[in-house]
Amino acid sequence: MRDSRARRGAGQVVVTGSAAASGYGPGTAALASGVLSGRPAFRPVQRFDVATRRVGIAATMPGNPDLRTELTRATGEACDDAGLSAAARARTPLFLAVHGGPEAFAAAVARDLGLAEQGLRCYMSACVAASGAIGDAAAMIARSLADRVIVAGGYLVERDQFALFDAGRVLADDGQVRPFSAGRRGLLLGDGVGAVVIESAAAARARCAPPTARIAGWGRSGDAYHPCQPRPDGLGLARAITAALQRAGAAPGDLGYVNAHGSGTRVSDSAEASALRLALGDAARFVPVSSTKSLHGQALEASGVLELIVTLLALRKGMLPVNAGYLGPDSECGLRLVLGEPLAAPAQLAMSLNCAFGGSNTALIVGLP
Amino acid sequence: MVPDQATPRGPDVTPDVTALRAAAADAGLAVLSSASWPETSADTDVPALAAFIESSFSPLLAEVATRALRRRPDGAAAAAATAIVIVTAFGDTASAAHVAATVDAGRRVSPLLFFQSVPNAVAGHLAARWNLTGPVACVSGIRAGLGIAALFLADADADEALIVHVDLPAGGGLGAGAALLATQRTGTIPDPHEPPPGGSDEDPRY
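Respectively, the protein sequence lines represent chains A and B. Read in order, the letters of the first sequence correspond to residues 871 to 1239 in our numbering. Read in order, the letters of the second sequence correspond to residues 852 to 1057 in our numbering.
You may find that some hints are simply not true.
[What the hints assert, rightly or not] Derived, one-sided and incomplete: chain A residues facing chain B with beta-carbon distance under 8 Å:
id, residue
1, ARG909
2, GLY970
3, PRO972
4, MET994
5, SER995
6, ALA996
7, MET1010
8, ASP1030
9, ALA1033
10, ALA1037
11, GLY1038
12, SER1091
13, GLY1092
14, ALA1094
15, PRO1097
[Unchecked claim] Quick list of simulated restraints, FRET-style, between CB atoms:
id, chain 1, residue 1, chain 2, residue 2, range
16, A, PRO1080, B, ARG959, 46 to 54 Å
17, A, GLY953, B, ASP925, 55 to 63 Å
18, A, ASP950, B, ALA899, 48 to 56 Å
19, B, ARG959, A, ALA1076, 55 to 63 Å
20, A, ASP1103, B, ALA931, 12 to 20 Å
21, A, ARG1075, B, ARG958, 54 to 62 Å
22, B, ALA948, A, GLN1218, 42 to 50 Å
23, A, CYS1078, B, ASP925, 53 to 61 Å
24, B, ALA931, A, GLY1053, 53 to 61 Å
Simulated from the structure, these hints should not be mistaken for laboratory data. Note that CB positions come from ideal geometry on N, CA and C, so glycine has one too.
Can you build the whole structure from these sequences, using the hints too?
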């Protein structure tokens, strides 16, 4: 393991605003009620022709929304939620997670919202793009390299990525995502747009903005295993989890919930379960786990921010979302899954995991303020 | 050891290892080794990379990264964890254009294109080949990439960071640069809100 003495974090990085849109519709309220309903948002794709595809299901909002419009709306709502003045916005950079996004796209979103020109970033690191951006933002704030960063991510189901995932035969042909379950058949894509305002506790205090959560810990690691397959023993992801716990100053048993990466694919879920058992030890037997991708789908570059927001909503409401689509136990995925209906639990600390092609892993630990 | 220097190239080539090295130095990072494409007149065809098709993006990235890794100074202790930071303004535009045209034409997309659809895939290839266990990131802009690398190093998420800058120019030759970075004893972490010393007006990404 890495030297923990150099790790900083714990306490001084807070979230003051958030906003989201998903297959449940616009807004964090729709996301919370949808996820806690336990009913997946998957439906037949009508946005483009899927007649020649193996699978024609995704968690989509109605119609054909425009990514820039949705990102601008969500990011603006997150700024409003955080009570950011125009002057504060003008000093705050945007880290935007989008697929193949040219910087001009991010710059246009930032310009429309009056955000800072300096410090703008586009993250394109696949399914850890947004979670990596959140980790970077937290690390910068913890080291006083920034007072505040807005991290946003967006993916709206569209025909090219859908065609690629269909060609890769990773989409669930039974129309359900069944993370960690026997009989799981793959993932399904979903619309996801999310934005969070992350800042130092001191900066939030100075403008009398109440934190809604704190980013307690973050960890990043690589598997060094394969271009697109996860390391089966979970060692890479386990290192990310351990780093996040060290930064949070937390023990595995302090975690009240894990929102797993849980893609619903055979190899990824078993590798992740191994990682959780490796990193959490005995606590892996009792910490509640679910993958909310079984409800809102896989939002690719936006996953990290969408799932962090879901995790924060679960903490605030004291209700943990179900791991939907479950058919029965898989001996390779022995975890304490939230099954059947949401679990009422007064969790104080929760972890959101994300993994991507290239063996890239992130772990974010969040807590109530 | 192959000489560690860049050959001047035409103005149509964006990624430039000289600029990358200079920006790394400005960011207070030590450059252990570096590489570029092209370096000599023999650099005409990018070596193929197994299972990566239709685009030079991943093969080019792998080639310059491998050159930089091979030039790591002899005798230096092996890094416990090396991060990979890919810098690209537009990503693999050739693959994306091919997929769009294939879908437009109603033809089936090759499954291989799914596996190379994001820049992380070639990072995973490099990580597996060289046992690079640090974090993997892909971001627009050299300055952002160096900032990420510097924080990985300062926060002990990695001991070294391999930064690779690749873009496929719309109307010119291929160019790419890579550098293996470590923390200087006297190094500082760049402040993202402050423009770098000199040259920032020419290219805000630097």
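Status of the hints after comparison with the structure:
Below 8 Å, beta-carbon pairs count as interface contacts, and ARG909 of chain A has none with chain B, the closest being about 29 Å; its hint is therefore violated. Because the closest C-beta pair between GLY970 of chain A and chain B is about 4 Å apart, less than 8 Å, the hint holds. Because the beta carbon of PRO972 of chain A sits about 5 Å from the nearest beta carbon in chain B, less than 8 Å, this interface hint is met. For MET994 of chain A, the shortest C-beta to C-beta distance to chain B is roughly 5 Å, which falls under 8 Å, so the interface hint holds.
For SER995 of chain A, the interface hint holds, the least distance from its beta-carbon to any beta-carbon of chain B being 4 Å, beneath 8 Å. At about 4 Å, the closest approach between the beta carbon of ALA996 of chain A and any beta carbon in chain B falls short of 8 Å, and the interface hint on this residue holds. Because the smallest distance between the Cβ of MET1010 of chain A and any Cβ of chain B comes to about 7 Å, under 8 Å, the interface hint for this residue holds. Residue-level restraint check for ASP1030 of chain A holds (minimum Cβ-Cβ distance to chain B is 5 Å; threshold 8 Å).
Proximity of ALA1033 of chain A to chain B holds as hinted, the smallest CB-CB distance being about 5 Å (cut-off 8 Å). Checking ALA1037 of chain A against chain B by beta carbon gives a least distance of about 4 Å; that is within 8 Å, so the hint holds. Taking 8 Å as the C-beta contact cut-off toward chain B, the hint placing GLY1038 of chain A at the interface holds, the least distance being around 3 Å. A least Cβ separation of about 6 Å between SER1091 of chain A and chain B falls short of the 8 Å threshold, and the interface hint therefore holds.
Taken as an interface hint, GLY1092 of chain A checks out: its beta carbon lies about 5 Å from the nearest beta carbon of chain B, inside 8 Å. With a cut of 8 Å, the hint placing ALA1094 of chain A at the interface with chain B holds, because the nearest CB-to-CB distance is about 4 Å. Below 8 Å, beta-carbon pairs count as interface contacts, and PRO1097 of chain A has one with chain B at about 4 Å; its hint therefore holds. The supplied range of 46 to 54 Å is met by PRO1080 of chain A and ARG959 of chain B, whose beta-carbon atoms lie about 53 Å from each other.
A hinted range of 55 to 63 Å for the beta carbons of GLY953 of chain A and ASP925 of chain B is consistent with their spacing of about 56 Å. The beta-carbon spacing between ASP950 of chain A and ALA899 of chain B, approximately 51 Å, falls within the hinted interval of 48 to 56 Å. At roughly 57 Å, the beta carbons of ARG959 of chain B and ALA1076 of chain A sit within the given window of 55 to 63 Å. At about 18 Å, the CB distance of ASP1103 of chain A to ALA931 of chain B agrees with the hint of 12 to 20 Å.
The hint said 54 to 62 Å for the Cβ distance between ARG1075 of chain A and ARG958 of chain B, and at roughly 58 Å that hint holds. Between ALA948 of chain B and GLN1218 of chain A the Cβ separation comes to about 48 Å, which falls inside the hinted range of 42 to 50 Å. Look at CYS1078 of chain A against ASP925 of chain B: about 58 Å separates their beta carbons, and that is inside 53 to 61 Å. Taking the beta carbon of each, ALA931 of chain B and GLY1053 of chain A are about 40 Å apart, not inside 53 to 61 Å as hinted.
Checked against the numbered hints listed earlier, the structure breaks hints 1, 24; every other hint is satisfied.
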